[in-house]
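For chain F, the structure is supplied; the task is to place chain V on it using the hints.
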Amino acid sequence: MFGTAIIIFREVLEASIIIGILAAATRNVPNSRRWIFAGLLAGLVGAGAVAASTDVIGSLASGIGQEIFNAIVLGVAVVMLAWHNIWMSSHGAELARNAKTVGRKISDGTSECSVLLVIVGLAVLREGSETVLFLYGIAASNDGGQSSMMLGGMIGLLAGVAVGYTLYSGLVHMPMRLFFAATGILVLLLAAGMASQAAHFLIQADLLPSLAAPLWDTSAILPESGLPGMLLHSLIGYDSRPTGMQIVFYLTALIAIFIGMKWVARPRASIKK
Amino acid sequence: MKHLFLIALLLPLAAHADDYLLTIKDHRFQPAELKVPSGVKIKLSIENQDATPEEFDSYSLNREKVIAGHSSASIYIGPLTPGRYPFTGEFHSTTAQGVIDAQAN
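Line order of the protein sequences matches chains F and V.
In this text, residue positions in the first sequence follow my numbering: the first is 1, and each later residue adds one.
In this text, residue positions in the second sequence follow my numbering: the first is 1001, and each later residue adds one.
If we strip away everything but chain F, and leave its shape as in the complex, we get (with noise of 0.2 Å):
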């Protein structure tokens, strides 16, 4: 039941992490908490199709099928978060001062909306499917203690969710300029990890050189077994022993996203001056 119960809250504390996170980021965009639920139905949905078809998509591309697969997702991942924290940053501080009557002024709201579909939907999908295959398997299985391992299921289930809400909710709780940079930075960390491990499942495909494997070994300091690996693992992409490739992806990821913020903001100060 206990094993159960850390695999299920594995796969369920990436998505809850950054639903936590989004949610609060957005909490001031109209309709976003409407969006992120559609978001995360979307995900489960397509977490089945995903789980039903992983011999499928494992025998694409010749057995490399779900590392190209879930190098795609978090790929796009990457790019829509980038697009909401470059979008964050140029239309936040607005949606603070005059929440409800702004709404209607941010023509691009919309998108910033199915940007949170997205990207939600994406988190859910790729942590969801493996969830729903290893319940598959004990469903499927006649060995008996179903009932203490979906008991345990549960429990991670629930731990995974309570992760994500106490983020959450430290989040919306803070004074408004600390939520501001809080969110921008927990978005920006959260893309380039995500970046780093698209370049991970592209080395276990052996489509990229690793580089330098592992660059480092943090592995008896701060093991990703642990819980706290697992959750820097989750907010920051902690990798204990990351290949030189992964650092390459982190780095241009976190400066390239870091420089779109800048960018956009810098003409809006220069206005209200």
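In short, the hints are calculated from the structure, not lab data.
All values derive from a computational prediction rather than experimental measurement.
Some hints here could point you the wrong way.
Okay, the calculated beta carbon distance ranges per label pair [unchecked claim]: (1) F:49 with V:1040: 29 to 39 Å; (2) V:1097 with F:140: 53 to 63 Å; (3) F:217 with V:1030: 47 to 57 Å; (4) F:146 with V:1025: 17 to 27 Å; (5) V:1104 with F:177: 53 to 63 Å; (6) F:111 with V:1104: 52 to 62 Å.
Glycine included, C-beta positions come from ideal geometry on N, C-alpha and C.
Here is chain V on its own, set in the frame of chain F:
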């Protein structure tokens, strides 16, 4: 699209690594201990003969991959430094245990 095309171009390069076979049967790996040379890239071909899906999972190898029931998948690992790298089938980790033993020539 351009990137997909690039990936497609790179695919033939993937054939160079040495190929090692792992079989999953009754939620166990066979062989449970696999000797491989250190310092070179290795291709693990994993055949899941069970009806249920399994997830090949190894923290020490930094690899994780779902293999559907009655199907095969490949994972590239290494080049490894000499040593022992345990792995598990995460979905049945009580029985599905194994280790890769990387040895210098």
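Here is how each hint holds up against the structure:
1. F:49 with V:1040: 29 to 39 Å: Holds, since residue 49 (chain F) and residue 1040 (chain V) (Cβ atoms, about 38 Å apart) stay within the stated range.
2. V:1097 with F:140: 53 to 63 Å: violated (21 Å)
3. F:217 with V:1030: 47 to 57 Å: Violated - the Cβ-Cβ distance for residue 217 (chain F) and residue 1030 (chain V), about 29 Å, lies outside 47 to 57 Å.
4. F:146 with V:1025: 17 to 27 Å: The hinted range 17 to 27 Å holds for residue 146 (chain F) and residue 1025 (chain V), with Cβ atoms some 22 Å apart.
5. V:1104 with F:177: 53 to 63 Å: holds (57 Å)
6. F:111 with V:1104: 52 to 62 Å: Holds, at about 56 Å.
Of the numbered hints listed earlier, those contradicted by the structure are 2, 3.
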